[in-house]
Structure formats: structure tokens, C-alpha cells
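Novice: What follows is the residue order along each chain.
Protein chains: 2
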Amino acid sequence: MAKTAGIMVIGNEILSGKVIDTNSPYLCQELRTLGVDVRRIVVVPDDIAVIAHDVLLYTQTFDYVFTTGGVGPTHDDVTIEAIAHGLQRRLVVHPEMEALLQRHWAERPPAVRQKMATVPEGAQLLMEPDLPIPVLYVANVYIFPGIPQLFRRKFDSIKERFRDVPYHVRLVYVRARESDFAHVLDQVVQEFPDLLLGSYPEVGNPDYRVKLTLESKELPYLEHAYTRLLGLLPAETIYQVV
Amino acid sequence: MAKTAGIMVIGNEILSGKVIDTNSPYLCQELRTLGVDVRRIVVVPDDIAVIAHDVLLYTQTFDYVFTTGGVGPTHDDVTIEAIAHGLQRRLVVHPEMEALLQRHWAERPPAVRQKMATVPEGAQLLMEPDLPIPVLYVANVYIFPGIPQLFRRKFDSIKERFRDVPYHVRLVYVRARESDFAHVLDQVVQEFPDLLLGSYPEVGNPDYRVKLTLESKELPYLEHAYTRLLGLLPAETIYQVV
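Protein sequences, first through last, are from chains A and B. Using this note's numbering, the first residue of the first sequence is number 13, and each one after it goes up by one. Using this note's numbering, the first residue of the second sequence is number 13, and each one after it goes up by one.
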């Protein structure tokens, strides 16, 4: 079984359409490549009760929880407090984080350093050589900033710890209309119930109408399903396979 | 009070990183412009139980629910069935939809037309002159396809029905580091608790460090808060106001 993940994107700016979330697409692609199965993404406002409720649910439901956003020094940065609340942990000053902030954020106001050093009790730091400020996690919740450049740098620095058995993928590009071979897909998923089979029409593509994706962590199973699908689709409708 | 909305993006292809969801950002921007308050976005797999659970919750929580994805003719298109399940309605053939599909999709397999004409009992059609296939809704749930071109065309054709009192917006671009004026923002939100105040640092911008957004549906309230903020921020730190 693949490890599962839930992603929480935190920030009013996403919901109000001011900022487009690029962190969750990046995380989905990276985690898929690592072999992790993302089961849910949620975008929630900077609201302590809402975040707290969801983080508790997610921590119980998924192997990993990733949060992005709401970890800065301003009034609307409530993620840390909300996670503490949701996981029923006290907020405490983390001495190591405090020391790091003292070193790297020496010129910032003390109240800001104090806020940034305050974490849910039991939270731990993932120190990486290239990160002045480490990644914070508590239980199975990994806490990231929302600013895409910082988010990616932090995630990339720790991503190898999530590596798992990879997914194997086959792609089939089909010229026919999806409606005309829907019954073929039905048959394949009936014969191969563990196959992950996706069917994605593309509007306006001159070469093909539908992209089919076949995936499994078991390569022989994938190849059997792939062979079966190719045998059922009329040969003249297949534009390309990868 | 603004009308609220929840958005459900349905599809394994988003969670597995194959496709980037552009529908929810579009919807967030459009709904904000219309004056609707989007409170939550969720991305869920093509899983009947998961979708059914969430759609029931959302229909009870928000004024409007928008779903995108999972409405085509293939095995992984389970949105309609899941919505029926979640709202505890039977699946029935909609005679008007059946007639429209007979006219516009005459060349497609009967099983496909049958599937596309099957809807939750009580579902209604929003007929628009420019749409051959109308928008389907049931209770407060508006059901859209996932393909971005079709999604936008359908949403745009019906969006005026959601128009509400607009949000008024002021933008302030600040040269200073967010940490250095976080206390000013705290003070403004204490004095203007109904102000929607966002603070968004930008990495690598040569002109300013932070974009502040001030919003309210009450223009005088917004202007008072805006004036107060400008009075508290050191004048030399303000790069631009809009």
C-alpha cells in the first residue's frame, strides 16, 4: 500500500482569488514521483477553528499531512497556533529555534522572533545544511511557508525522507471520442480492478482527443492491463503510446 | 453578510499531479468579483463515498456549492452518482436532458446518452441560449465539467445569477520588511475588526517587499481603515497605493 498524504493550503488570499496556489500542484507532482498517494487537498481561510478541526482530522486520516501558508509574523498568520489547538498541544518556545532566529533574524523585532520561535509542544526541527531556518513538524504534520520560493526550497531539502515504491505509468493517446470507447475502459477496469486508469479528453488538440493514463506500483500488472487495453481499442484510433 | 461558496474539484488527475486545476482559481476570482465569499476548496478523488460525504456537508454549510469534474461518460466519472448518494436522492432519467442529448449527441452510443441523461431526482437545468447542453443543478449544488474550456463557458453563461454586493479593495505596496510593521497591522485589525486585511510578502521584487490588501463591502469603513493604516505606516516605507 502506498503511503497517503493530505495537503492543507492555508490563506484567505487563495480563496479570494488574489493569489493562485502553485504549492499544492508542485507538491502533488513531487509526491507522486516519490510514490506517495495524495488523497485530498483543502484550501481553508486563516481561521484558527477551521484549521484546527481539519488538521486533527487529517493527522488521523493520512500518513503525512503537509501545510502551506500562515506561518509569518503578521496577524493573519495563525497556522502554528491552529495546529497546536487542533492537536491539543500547548504553545511553547522552542529553544533551538529561538537560538537560530537570534542568529539569522537578529535585526528583526523581538516580538516577531518570539512569535516565530513559538511552536506546538513536541514539535521538532528538520535541520538541513542549506536551510538557515529548519522545517518544523509535529506528529505527522509538516509545516511549510506559503511563499512559493521558500516552500519549494524547504520541501526539496527534505523530500527524500518520503520516497517510497514508485508508480509505473503508461500513456495512450486516442484519436476517437471518449464516448465511443468508454465501454472498453469499463471492461479493462473490471478485469484489472487495481489499475489506476484515467481518461482525459483534450479540447482543440489536432492530433488526439483523449489521453489515457494507466498506473500501478506493480509493473507486470500494469503491462498486462496495458496489453489488454491495446488489444481492445481499435488499432486505427491509437495515435501514440508512451 | 456575503453569500458563501464551497468548491469541490473532483478528479484523481489533480491529486496525482497530472493536471493542474485551473478551474478553482478562475472560480475564486470570478466569485470574488461577483461579491461571493469562497470559504473552502477541496480536491477529492473519483470516489463515490468521499464525494457523497463532502457534498452533503457542503450543501449544509455554504449558500452555493460548485463542483467541477467527473461528469463525462467513462468509468471514473462518478460525480452525479455521488451527489445523488450524498443528497439521498434517487438517480432518474431527466426527460428534457434526454431529449437534448438525443438532438445534440445523436451519433454517440445510447449507453453514453443514457448515462449523461441520468441525474439526481429533482435536479434542474439552466438553459442558456449559447449552451447546447445546459448547466445542471440540484439543491444548491451547481455541477460543472472539469475540462477548463467547457467549465468556463458554462460558468460564464450563468454567473450573473450569483451577483451580490461587491467587495471594495485598496492596495498598499510597502518597501519595509513585513516583520517591521506587523504591529501596525495588528493595531489596524484591532480597530477595524471587520476589515479584511491581507499581507503578502513577495520575494525578489525590486520595488517593494509586501503587498497589503484591504477589503470591505462597506466603502466608508474601508476608507477609514485605509486612512488609519496610512497614518500608522512610516511614509518613507510606502511604495505605492491603489
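Among the clues, some could well be false.
The list treats identical chains as one, so a pair stands whether inside a single copy or across any two.
What the hints assert, rightly or not - DSS-like cross-link-like pairs, simulated, lysine-lysine; straight-line CA separation at most 27 Å:
| # | residue 1 | residue 2 |
| --- | --- | --- |
| 1 | K127 | K15 |
| 2 | K229 | K127 |
| 3 | K15 | K229 |
| 4 | K30 | K229 |
| 5 | K229 | K171 |
| 6 | K30 | K15 |
| 7 | K171 | K15 |
What the hints contain is simulated information worked out from the structure, not anything from laboratory work.
Novice: Hint by hint, note whether the structure agrees.
Specialist: Status of each hint after checking the structure:
no.	hint	result
1	K127 x K15	neither (33 Å within a copy, 34 Å between copies)
2	K229 x K127	neither (43 Å within a copy, 31 Å between copies)
3	K15 x K229	within (12 Å within a copy, 44 Å between copies)
4	K30 x K229	between (38 Å within a copy, 16 Å between copies)
5	K229 x K171	within (20 Å within a copy, 43 Å between copies)
6	K30 x K15	between (33 Å within a copy, 18 Å between copies)
7	K171 x K15	within (14 Å within a copy, 40 Å between copies)
Going through the hint list in order, the structure does not satisfy hints 1 and 2.
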